[in-house]
Amino acid sequence: MSKALPVMQETINAPPGAVIGFDEKLAAHGMELRAAAVDTLQVNVGKLCNQTCKHCHVDAGPKRKEIMTRETVEQVIHAVRKFAIPTVDITGGAPELNPSFRYLIRESRKLGSNVIVRHNLTVMFEPGQEDLPQFFRKHAIDVVSSLPYFLEQQTDAQRGRGVFEKSIEALRRLNAVGYGVEDSNLVLNLVYNPVGAFLPPPQASIEADFKRELMNRYDIVFNHLYTITNMPINRFLDYLRRSGNEERYLRKLVEAFNPATVDGLMCRNLVSVDWTGRLYDCDFNQMLEVGVAPELPQTIADFDPERFSRRRIMTGSHCFGCTAGAGSSCGGAVAVNS
Amino acid sequence: MSYYEEVDLDRFADIGKHRPDLFEKFMAWYQACQEDGALSRREKALIGLAVAHALQCPYCIDAFSQSCLESGSNMEQMTEAIHMASAIRGGAALIHGLQAQNSVNKVSM
Numbered sequence: 378m379s380k381a382l383p384v385m386q387e388t389i390n391a392p393p394g395a396v397i398g399f400d401e402k403l404a405a406h407g408m409e410l411r412a413a414a415v416d417t418l419q420v421n422v423g424k425l426c427n428q429t430c431k432h433c434h435v436d437a438g439p440k441r442k443e444i445m446t447r448e449t450v451e452q453v454i455h456a457v458r459k460f461a462i463p464t465v466d467i468t469g470g471a472p473e474l475n476p477s478f479r480y481l482i483r484e485s486r487k488l489g490s491n492v493i494v495r496h497n498l499t500v501m502f503e504p505g506q507e508d509l510p511q512f513f514r515k516h517a518i519d520v521v522s523s524l525p526y527f528l529e530q531q532t533d534a535q536r537g538r539g540v541f542e543k544s545i546e547a548l549r550r551l552n553a554v555g556y557g558v559e560d561s562n563l564v565l566n567l568v569y570n571p572v573g574a575f576l577p578p579p580q581a582s583i584e585a586d587f588k589r590e591l592m593n594r595y596d597i598v599f600n601h602l603y604t605i606t607n608m609p610i611n612r613f614l615d616y617l618r619r620s621g622n623e624e625r626y627l628r629k630l631v632e633a634f635n636p637a638t639v640d641g642l643m644c645r646n647l648v649s650v651d652w653t654g655r656l657y658d659c660d661f662n663q664m665l666e667v668g669v670a671p672e673l674p675q676t677i678a679d680f681d682p683e684r685f686s687r688r689r690i691m692t693g694s695h696c697f698g699c700t701a702g703a704g705s706s707c708g709g710a711v712a713v714n715s
Numbered sequence: 053m054s055y056y057e058e059v060d061l062d063r064f065a066d067i068g069k070h071r072p073d074l075f076e077k078f079m080a081w082y083q084a085c086q087e088d089g090a091l092s093r094r095e096k097a098l099i100g101l102a103v104a105h106a107l108q109c110p111y112c113i114d115a116f117s118q119s120c121l122e123s124g125s126n127m128e129q130m131t132e133a134i135h136m137a138s139a140i141r142g143g144a145a146l147i148h149g150l151q152a153q154n155s156v157n158k159v160s161m
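For the protein sequence lines, the chains are A and B, in the order given. Just so you know, our numbering puts 408 at position 31 of the first sequence, and the rest follows in order with no gaps. Just so you know, our numbering puts 161 at position 109 of the second sequence, and the rest follows in order with no gaps.
Bear in mind the hints are in silico, worked out from the structure with no lab data behind them. For glycine and all other residues, C-beta sits at the position ideal for the given N, C-alpha and C. Some hints could be false.
[Stated by the list, open to error] Here are the computed distance ranges between Cβ atoms for each label pair:
(1) B:Met127 x A:Gln506: 31 to 39 Å
(2) B:Ala80 x A:Lys515: 54 to 62 Å
(3) A:Asp416 x B:Arg63: 39 to 47 Å
(4) B:Leu150 x A:Ser620: 46 to 54 Å
(5) A:Glu542 x B:Glu132: 23 to 31 Å
(6) A:Arg514 x B:Lys77: 13 to 21 Å
(7) B:Phe64 x A:Met408: 27 to 35 Å
(8) B:Arg63 x A:Glu546: 47 to 55 Å
[Stated by the list, open to error] Sample of chain B residues at the chain A side, in silico, Cβ under 8 Å:
(9) Gln118
(10) Gly124
(11) Asn126
(12) Gln129
Using the sequences and the hints given, assemble the complete structure.
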């Protein structure tokens, strides 16, 4: 399984002297990438998942064994308590499959943190998970769910056969308890990923399509749609190579570099924790095993937001995935298309 | 070697090696045409795809297929645009049947 990008200069056969390394690209625009604050602790509780999506940057799936232990979860909760972390963003894999998932949520909510769960919808049909909509509602969790398209063919092509039908049923169940319903204060946001080697369309435009089509076809409502660019690492990079799209896609990301995205990049406001408690600048660096800058504490047990709030962000060629076009973050596009 | 090479699409700017002033004028016009206006970028990309098929230009078909996806169209919508181009091409051929009829009528008793 491919982890990281090759050196992009070689890959795209750029002309001599071209400035295409990510840090060099920033420097050419008079920019450097530093954190602004630590508003969010993004906790990846493990790589176990009930799905095996073709674009997954985690390489998550049913056979993965990496799971955050209760001891590490306690360290996360300790940090949330000690530093009054405003937002805990829980991801995976399917984070619900970690036995400590509900404990982490209950404790984080008791401490007053806003909690986001990156919920893949179909996990709701796994044994013991049927009450997830009620559990989410009880703790007023913000739910963010992937649905790459409002049609079955595209969704199943990316996420596996039968996923679309289950996802629609799961959305109905979330709507039934109030998620995504106007004035309910229960937030249901969807995520669009391109089903292939191309950039996402403008977020507002495709959100309007999703709202219209999901309402007309399935009577489903939601709050916002986030467009997220497929990151050329791990499983998606393998797809790019197998399909002969690697060079063209990487070139597209570099050529679409948009300096207006840099201020809004997610790495500037969050710290990412992996299943072992190690710290990263984002979930992508986590999967590439590129830890935070070496002068900083490396694990959640030693975390101190003071030292992380103006830190130097560790970058690589994959960062072009977050700065292309309208940009891409865990909260979707970060700049108006330019 | 084929007459059409995929990599040539990315070499379009090489046309500007000669008379760059003309190429720059073309590019400014070409890009301005595709901006959001009274028609959206998405609608313009679908028009581009249809025209590309009518012209049977492989570079344009490749470029506007990507533009359509990246402006939010799906294959069903793109196929409808291609059918529009094809239907008009077909109709344009067929209506010339009247030319044949006129020609035949002129020399017939």
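- Hint by hint, which ones does this structure get wrong, listed from lowest number up? 6, 12
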